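Protein chains: 2
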Amino acid sequence: MPRLLVIPKQVWDDHMGEGSRDFMTTESSFINLLRGFATDPAARGLLDDAAVIDIGDAALIITHDMMTEGVHFRSNANPADVAWKLLATNLSDLAAKGAAPIGVLLGFMLGDDAWDRAFAAGLEKALAHYNVALLGGDTVANRGDKRALGLTALGMATHRPVPSRSGAQIDDILYVTGTLGDALAGFELIDAGFDEVGSLANAFNRPVARVADGHALAPIVTAMMDVSDGLLLDAERLASASGVGIEIDLAYVPLSPLYINYRTDRLESRMQAASWGDDYQLLFTASPETAVPLAATAIGHVVSGGGLTLKHDGNPIKLPPTLGYQHH
Amino acid sequence: MPRLLVIPKQVWDDHMGEGSRDFMTTESSFINLLRGFATDPAARGLLDDAAVIDIGDAALIITHDMMTEGVHFRSNANPADVAWKLLATNLSDLAAKGAAPIGVLLGFMLGDDAWDRAFAAGLEKALAHYNVALLGGDTVANRGDKRALGLTALGMATHRPVPSRSGAQIDDILYVTGTLGDALAGFELIDAGFDEVGSLANAFNRPVARVADGHALAPIVTAMMDVSDGLLLDAERLASASGVGIEIDLAYVPLSPLYINYRTDRLESRMQAASWGDDYQLLFTASPETAVPLAATAIGHVVSGGGLTLKHDGNPIKLPPTLGYQHH
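From first to last, the protein sequence lines stand for chains A and B.
Taking the working numbering, the leading residue of the first sequence gets 1, the next gets one more, and so forth.
Taking the working numbering, the leading residue of the second sequence gets 1, the next gets one more, and so forth.
Be careful, since some hints might not be right.
Given that identical chains are not distinguished, each listed pair holds provided it fits within a single copy or across any two copies.
Derived lysine to any residue pairs resembling SDA-like cross-links, with alpha carbons at most 20 Å apart [claimed, not checked]: (1) Lys125 to Leu33; (2) Lys125 to Gly45; (3) Lys146 to Asn202; (4) Lys125 to Leu34; (5) Lys146 to Leu110; (6) Lys125 to Arg35; (7) Lys125 to Leu46.
Calculated directly from the structure, the hints in this document are not laboratory data.
As the structure is a prediction and not an experimental result, all values here were calculated from the model.
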């Protein structure tokens with residue numbers, strides 16, 4: 001396992017640099033246009049992980065994520081990994097609502113036969129792993145373009161009210177499940193040509209949707225979301241949706257032994273683990289009086305005011321220029 | 001309005017020729033792979049227009065269709081038309097189930113700013129026309145590829161049992177709403193450079209999802225689907241799903257005065273109108289004793305055996321080599 005491998009500058013720039021910021025502006029302005037008419041309460045202002053639709057006594061949770069070749073997965077990626085990740089990223093949005101998955105619809109751009117077969121076989125295994133049904137979808141021809149794939153995931157809320165990003169209260173504790181940075185390290189290792197790198201590459205290729213954790217947490221959280229775009233960016237979104245401030249102490253950000261071995265435990269490594277996406281952990285707030293029913297790390301708390309502030313071992317530090325991975 | 005304009009051979013080949021059949025083989029084999037594990041009853045064997053999910057006393061209808069630049073819409077198409085058609089084609093699947101639309105999720109590949117703005121403005125108008133909510137979705141970067149767009153539409157069944165393709169009974173009458181062929185004529189006119197061609201071009205660019213008709217028909221049909229890929233191909237699918245045969249008399253296929261004026265009323269014109277898609281009319285069967293609550297044309301009936309047989313004014317005629325538009 002290489003140690004102290006730094007992120008190739010081009011990789012970091014590709015994912016965090018000026019280009020992404022330019023794109024982000026376009027994406028943000030497009031979403032703002034949609035927000036102007038997505039006024040149904042079920043849409044939650046397009047500010048949440050999923051839509052929440054009340055049907056009689058039940059609440060249906062629905063989300064749609066796309067992945068495109070060259071942006072979200074490499075052209076030479078294992079098609080079974082692509083299928084896994086497409087499913088897991090969508091189920092992660094359901095997990096953030098504490099929802100039990102029902103089924104998915106697939107939007108698939110056909111490519112070459114071997115790739116498509118490997119994708120279908122991988123999707124079958126991933127669906128079986130999560131016990132989720134394939135309900136339908138659509139296939140379209142590919143005229144030599146990079147593949148674009150979409151998945152819609154449908155679930156049923158297990159707890160009412162359904163957790164949102166907007167319920168965080170001042171003095172709540174901010175928690176995150178699992179560890180952060182493993183997907184970043186895995187991405188770098190794969191990028192550097194280490195195909196067989198075990199758990200870290202797996203963290204990037206085959207993220208786990210924390211469906212059972214979301215179910216267990218839904219009754220006790222004041223706000224919850226999944227960390228898809230980086231802890232700092234997503235925590236700032238949670239603060240903004242809740243109309244509060246959030247303070248995070250980077251010294252408490254949970255890192256795995258593999259990540260520390262790969263990257264060391266310097267502040268810079270912690271900052272990078274906290275500002276890169278793809279970990280799909282659950283980020284949530286709960287009252288200081290609330291017992292948390294599973295392993296999660298307290299990394300900060302909710303304060304008055306707005307926005308995100310950072311500390312390291314109690315000492316204030318500056319925010320990085322880019323808070324997260326902004327391609328999604 | 002040009003009269004007797006024949007379909008340019010290249011256009012017809014592009015849409016009906018060998019290339020499409022090759023692609024269809026790949027699409028069919030991929031869908032067959034999916035069918036192997038899409039075993040939940042809600043998936044209806046991936047043989048229906050939409051998935052039907054029972055939730056308590058309600059039935060939720062959900063469908064996902066993609067459209068790609070260069071296959072389903074031209075690069076120079078009006079973005080507002082693309083938005084309209086993306087919505088209407090999905091709502092047409094809901095109409096075939098007699099469902100009342102609830103809302104949609106959009107999967108959008110960003111392109112240039114002006115295109116994206118025009119698309120968003122068009123989508124807003126189309127959603128308002130159908131009184132459907134935008135609930136969520138995802139946007140992804142475009143690295144210079146042709147655009148791929150996806151839409152998921154969610155609706156609630158208005159009648160139980162929910163109409164399917166598989167309920168046609170021997171001796172039932174086969175009906176179709178509206179007229180066929182207008183979208184084909186519109187496509188040809190647009191292809192020939194007639195941008196301002198009124199109703200026929202509109203039939204291709206802005207198909208109407210027959211939501212109210214589907215609602216009215218759901219209680220009386222034995223089987224129903226929308227005609228998205230051509231009357232003959234879709235009727236054959238309905239016959240196959242129902243385990244029956246279907247006989248259609250082309251002399252009864254409803255053509256609009258505009259289509260007849262453009263194409264004449266020859267058998268060849270009728271055959272083309274019946275084997276090209278994009279009309280989004282509703283095709284349904286009902287018992288001969290059933291009163292049909294809206295204007296629809298009886299074009300054939302259900303027979304024993306299997307497959308599709310054609311007549312013209314009572315005389316048997318051969319099936320064309322390709323029954324419909326197979327890019328979807």
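Going through the hints against the structure:
Proximity of Lys125 and Leu33 under a CA criterion of 20 Å is satisfied inter-copy only: 13 Å between copies versus 38 Å inside one chain copy. In the homo-oligomer, the alpha carbons of Lys125 and Gly45 lie at most 20 Å apart only across protomers (18 Å), although the nearest pairing inside one protomer, at 34 Å, exceeds that limit. Taking the shortest alpha-carbon separations for Lys146 and Asn202, neither the intra-copy value of 23 Å nor the inter-copy value of 31 Å comes in at or below 20 Å. In this assembly of identical chains, the alpha carbons of Lys125 and Leu34 lie at most 20 Å apart only when taken from different copies (12 Å versus 35 Å within one copy).
Proximity of Lys146 to Leu110 under the C-alpha cut-off of 20 Å is found in both arrangements, the shortest distances being 10 Å within a copy and 14 Å between copies. Proximity of Lys125 to Arg35 under the C-alpha cut-off of 20 Å is restricted to the inter-copy arrangement: shortest distance 14 Å between copies versus 36 Å within a copy. Taking identical chains as interchangeable, the C-alpha atoms of Lys125 and Leu46 lie at most 20 Å apart only when they sit on different chains, with a minimum of 18 Å there against 31 Å within one chain.
Hint violations for this structure: number 3 only, all remaining hints satisfied.
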